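**Q** The primary structure of each chain is shown beneath.
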Amino acid sequence: MIAFYALGLVLIASAIFTITQRSPVYSVVGLLVNFITLAALYFTLNAEFLGVIQLVVYSGAILMLFVFVIALLSSGIGPFSEGPNRLPRILAPALLAVVIAFGFLAFGVLHAPLGPPASAARTASVGTVGSANVFGSVGDFGTALFTTQLLPFEITAFVLMVAVVGVVTIAGDASPSPTLGHHVRRKRGKEREPIVKAGR
Amino acid sequence: MTVDVSNYIALSAVMFFIGVAGVVLRRNPLIALMAIELMLNAANLALVAFARAWANNAGHVFVFLVVTVAAAEAAIGLAIVVAVFRRAKNVDVDEVARLHG
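Residue numbers (our numbering), protein chains in the order written: chain A, 1 to 200; chain B, 1001 to 1101.
The hints are simulated quantities; they were obtained by calculation from the structure and are not laboratory data. Only true hints are included.
Here are some of the chain A residues that sit facing chain B, going by a computed Cβ distance under 8 Å: (1) I12; (2) A15; (3) L31; (4) L41; (5) N46; (6) A47; (7) V57; (8) L65; (9) V98; (10) F135; (11) G136; (12) A144; (13) T156; (14) G166; (15) V167.
This one's a predicted model, so the numbers in the text were calculated from it and none came from an experiment. Beta carbons: idealized from backbone N, C-alpha and C, even for Gly.
Please model the entire structure based on the sequences and the hints provided.
**A** Here it is in structure tokens:
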């Protein structure tokens, strides 16, 4: 119980830190703390494999991507442009939306069971954390992934394929290179109009 | 007072709204993308909490899928930021109004 409240406090604090920092590098550090805390919360929920995935994929791969892009964009270039703070204009509707959403949430928590009824509770089958093939372990997760949940797993592969093709298309190298079709790409690139409106 | 699934859902909701605030308030696209990651992770926390409450690992598989989609989303979002930045030395989300007409 103490673990939950301590982790929850760190989780919320690091999330607020992430969105309030001026420099994106500090935001990445906040996000890193957030993800590591979230992995710890997954461990408290018996989700061992997902905790490891959270550490490796999120804290390792995705945050590294953010760091690389920040390093790429901010080298030798001024800071991101600043504008008027949008908070005062949207504060009232935002607070209203938050109150309504939490009202629904509290209503749901108080009036409907979030977990299974006591008769159907299968907490006994969860087993001891760390032993093989209990709920949330690598064996349990892998068995589900390759038997009953095979279609989502295949869709995952397709999503990654789409991402790879999309990234190469959007941010691919536009410099002259002896690759197939680079003349076509160059010609199209000249006709493009600037994406940013001038004089704003 | 014990910790049950509703505590985790409340934590998840708070984290989600912090993410929403980040997307709405910040004009730096990198921080907006990070706030989107916060929202996705809040949803993941809710899924894991429910999976634990029901002792059903379908939620875990769904979280796996969401992590993959988040990775794809981050990669493509950052690619768009890089592409916009390459054409105009500015990545303020309010200035990129080409599709606005």
